[in-house]
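Q: Here is how the chains run, residue by residue.
2 protein chains.
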Amino acid sequence: MSTQARILVFDTFGTVVDWHGSIVKELESLFPDLNADAFAKAWRDQYHPMMQKVMSKELPWTKIDDLNRLILNDILDEFDLSHLDEDQRRALNFVWHRLKPWSDSVPGLQRLKTKFLIAPLSNGNMSLLTNMAKAAGLPWDCVLSAEIFKAYKPDPRTYLGVLELFDVKPSQVMMVAAHASDLKAARSCGLQTAFIYRPLEWGMSPPQPAHLHTEFDLTCTSIEDLASQLAC
Amino acid sequence: MSTQARILVFDTFGTVVDWHGSIVKELESLFPDLNADAFAKAWRDQYHPMMQKVMSKELPWTKIDDLNRLILNDILDEFDLSHLDEDQRRALNFVWHRLKPWSDSVPGLQRLKTKFLIAPLSNGNMSLLTNMAKAAGLPWDCVLSAEIFKAYKPDPRTYLGVLELFDVKPSQVMMVAAHASDLKAARSCGLQTAFIYRPLEWGMSPPQPAHLHTEFDLTCTSIEDLASQLAC
Numbered sequence: 123m124s125t126q127a128r129i130l131v132f133d134t135f136g137t138v139v140d141w142h143g144s145i146v147k148e149l150e151s152l153f154p155d156l157n158a159d160a161f162a163k164a165w166r167d168q169y170h171p172m173m174q175k176v177m178s179k180e181l182p183w184t185k186i187d188d189l190n191r192l193i194l195n196d197i198l199d200e201f202d203l204s205h206l207d208e209d210q211r212r213a214l215n216f217v218w219h220r221l222k223p224w225s226d227s228v229p230g231l232q233r234l235k236t237k238f239l240i241a242p243l244s245n246g247n248m249s250l251l252t253n254m255a256k257a258a259g260l261p262w263d264c265v266l267s268a269e270i271f272k273a274y275k276p277d278p279r280t281y282l283g284v285l286e287l288f289d290v291k292p293s294q295v296m297m298v299a300a301h302a303s304d305l306k307a308a309r310s311c312g313l314q315t316a317f318i319y320r321p322l323e324w325g326m327s328p329p330q331p332a333h334l335h336t337e338f339d340l341t342c343t344s345i346e347d348l349a350s351q352l353a354c
Numbered sequence: 123m124s125t126q127a128r129i130l131v132f133d134t135f136g137t138v139v140d141w142h143g144s145i146v147k148e149l150e151s152l153f154p155d156l157n158a159d160a161f162a163k164a165w166r167d168q169y170h171p172m173m174q175k176v177m178s179k180e181l182p183w184t185k186i187d188d189l190n191r192l193i194l195n196d197i198l199d200e201f202d203l204s205h206l207d208e209d210q211r212r213a214l215n216f217v218w219h220r221l222k223p224w225s226d227s228v229p230g231l232q233r234l235k236t237k238f239l240i241a242p243l244s245n246g247n248m249s250l251l252t253n254m255a256k257a258a259g260l261p262w263d264c265v266l267s268a269e270i271f272k273a274y275k276p277d278p279r280t281y282l283g284v285l286e287l288f289d290v291k292p293s294q295v296m297m298v299a300a301h302a303s304d305l306k307a308a309r310s311c312g313l314q315t316a317f318i319y320r321p322l323e324w325g326m327s328p329p330q331p332a333h334l335h336t337e338f339d340l341t342c343t344s345i346e347d348l349a350s351q352l353a354c
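So the protein lines, in turn, are chains H and S. Take the position in the first sequence, starting the count at 1, then add 122; the result is the number in the working numbering. Take the position in the second sequence, starting the count at 1, then add 122; the result is the number in the working numbering.
The reader is advised that the hints may include incorrect statements.
If chains are identical, the list can't say which one is meant, so a pair holds when it fits in one copy or spans any two.
Lysine-lysine pairs mimicking BS3-like chemistry, simulated, CA-CA at most 30 Å apart [to be verified]: (1) 237 - 163; (2) 272 - 222; (3) 179 - 235; (4) 179 - 222; (5) 235 - 222; (6) 237 - 147; (7) 256 - 147; (8) 222 - 147; (9) 306 - 163; (10) 272 - 179; (11) 256 - 272; (12) 179 - 256; (13) 272 - 235; (14) 306 - 237; (15) 291 - 222; (16) 163 - 272; (17) 222 - 175.
By construction, these hints were calculated from the structure, which means they are not laboratory data.
Required output: the full structure, derived from the provided sequences and hints.
A: Here it is as structure tokens:
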């Protein structure tokens, strides 16, 4: 498919990196008796409600590292791990900086980078996204974070912020995500949209079956598939 | 030298890329009869006064692309090039996105990247720095611009903004620049400092002789020299 887009922006958690698998693996090595699958899901479950507290101004602007830490403190109690001290909690919280990419992510991004400007557009904070990219070898041209715009997706300020930074029309930017809510919001701002199907985002026993969305500009089974569809 | 720093932030214009040589080369190919050296210097001469207008609030926040364009409009008259149309002016203004690195910059950055998180901290806007990095192969871990902080260096908000984004102490960041004013301001914020000597920044006939500053933490003759001094 030919496209007017010259900039591709990517959701990261779930789309580019496997948060569930990465967190479960790290938890299993640290706490062999823990239900790591349930712990990872409990952590992620509170992610949207916490961002909502920021967007509704119940909380002041708070970066994801700090939201993740607030959630972690709660679920450590719930999973009988409240004995972890400050250093251990801090180290565990940084697992979000160490998330591993899906196997197709790095080769797909490398191909896309030859033709497009590529960047994350993630609710993760700048240091999280930068540390993650460095550790995982994600070859971004720059790192774009909700933290720059002081608004969390799907707030339109994030998508419109990209247009302003790069002085481009909405049709020149494509949002790439595994989540329909993100893509719907991007489409409302005039961006092009590519859905990446990630049925394993929540592991082998997801809370809901993963739906294959076909209502966006592109429907892809991986980032390598996106590269193929965009003739990279 | 061992250092506490784990993040290196770089001034770009003059420090990493050769603005004078790159602009002169492009002007010479476009306008063989022009005094390209004088034109490039006239353009750069107005750079600090224009940023000062933003910082004094005489102008609202204005990105460097737009400040460069305001200056360009003035000097085209001065150099008898006022016949250039909108498309030509726009294309010429984007020469700042196409500046070439000094020969030591890319190999030096590649070495430094193995041990440090590296990023520009430049008054150039995000799209300028990102396009420049992509064209020149500058291997940044992320792109940091004054545009994120809505303040131009040497305003402390730029240096302190990096500390906040990365949640680090001042001594964990080193500012690298060819300009003493930038380094003095960074040092006032507690950052470590490395001076890079670039005697050819203003070409072969600089308005003032380039001074070799030795009052900062490191004095380097190139970015490769910086990498050697930091044992990369």
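Q: Now tell me if each hint is right for this structure.
A: The hints, checked one at a time:
In this homomeric assembly, residue 237 and residue 163 never come within 30 Å of each other (Cα to Cα): the closest approach is 36 Å inside a single copy and 34 Å across copies. For a Cα distance limit of 30 Å, the shortest separation of residue 272 from residue 222 inside one copy, 26 Å, qualifies, whereas the shortest one across copies, 33 Å, does not. In this assembly of identical chains, the alpha carbons of residue 179 and residue 235 never lie at most 30 Å apart, being 37 Å within a copy and 38 Å across copies at closest. Taking the shortest alpha-carbon separations for residue 179 and residue 222, neither the intra-copy value of 32 Å nor the inter-copy value of 45 Å comes in at or below 30 Å.
In this homomeric assembly, residue 235 and residue 222 come within 30 Å of each other (Cα to Cα) both inside a single copy, at 20 Å, and across copies, at 20 Å. Only between protomers do residue 237 and residue 147 lie at most 30 Å apart by alpha-carbon distance; the minimum there is 26 Å, versus 35 Å within a single protomer. When the C-alpha separation of residue 256 and residue 147 is checked against a cutoff of 30 Å, the pair qualifies only within one copy, where the shortest distance is 20 Å, while the shortest distance between copies is 35 Å. When the C-alpha separation of residue 222 and residue 147 is checked against a cutoff of 30 Å, the pair qualifies only within one copy, where the shortest distance is 10 Å, while the shortest distance between copies is 44 Å.
Only within a single protomer do residue 306 and residue 163 lie at most 30 Å apart by alpha-carbon distance; the minimum there is 24 Å, versus 48 Å between protomers. In the homo-oligomer, the alpha carbons of residue 272 and residue 179 lie at most 30 Å apart both inside one protomer (12 Å) and across protomers (23 Å), since each shortest distance falls under that limit. Proximity of residue 256 and residue 272 under a CA criterion of 30 Å is satisfied in both settings, with 23 Å inside one chain copy and 26 Å between copies. Taking CA atoms no more than 30 Å apart as the test, residue 179 paired with residue 256 passes in neither setting, with 32 Å inside one copy and 38 Å between copies.
In the homo-oligomer, the alpha carbons of residue 272 and residue 235 lie at most 30 Å apart both inside one protomer (27 Å) and across protomers (28 Å), since each shortest distance falls under that limit. In this assembly of identical chains, the alpha carbons of residue 306 and residue 237 lie at most 30 Å apart only when taken from the same copy (25 Å versus 40 Å across copies). Taking the closest pair of Cα atoms, residue 291 and residue 222 come within 30 Å of each other only across two copies (27 Å); inside a single copy the shortest separation is 33 Å, beyond that limit. For the identical chains of this complex, residue 163 and residue 272 are intra-copy neighbours only, at 26 Å inside a copy versus 38 Å across copies, given an alpha-carbon limit of 30 Å.
Taking CA atoms no more than 30 Å apart as the test, residue 222 paired with residue 175 passes inside one copy only; the shortest distance there is 28 Å, against 45 Å between copies.
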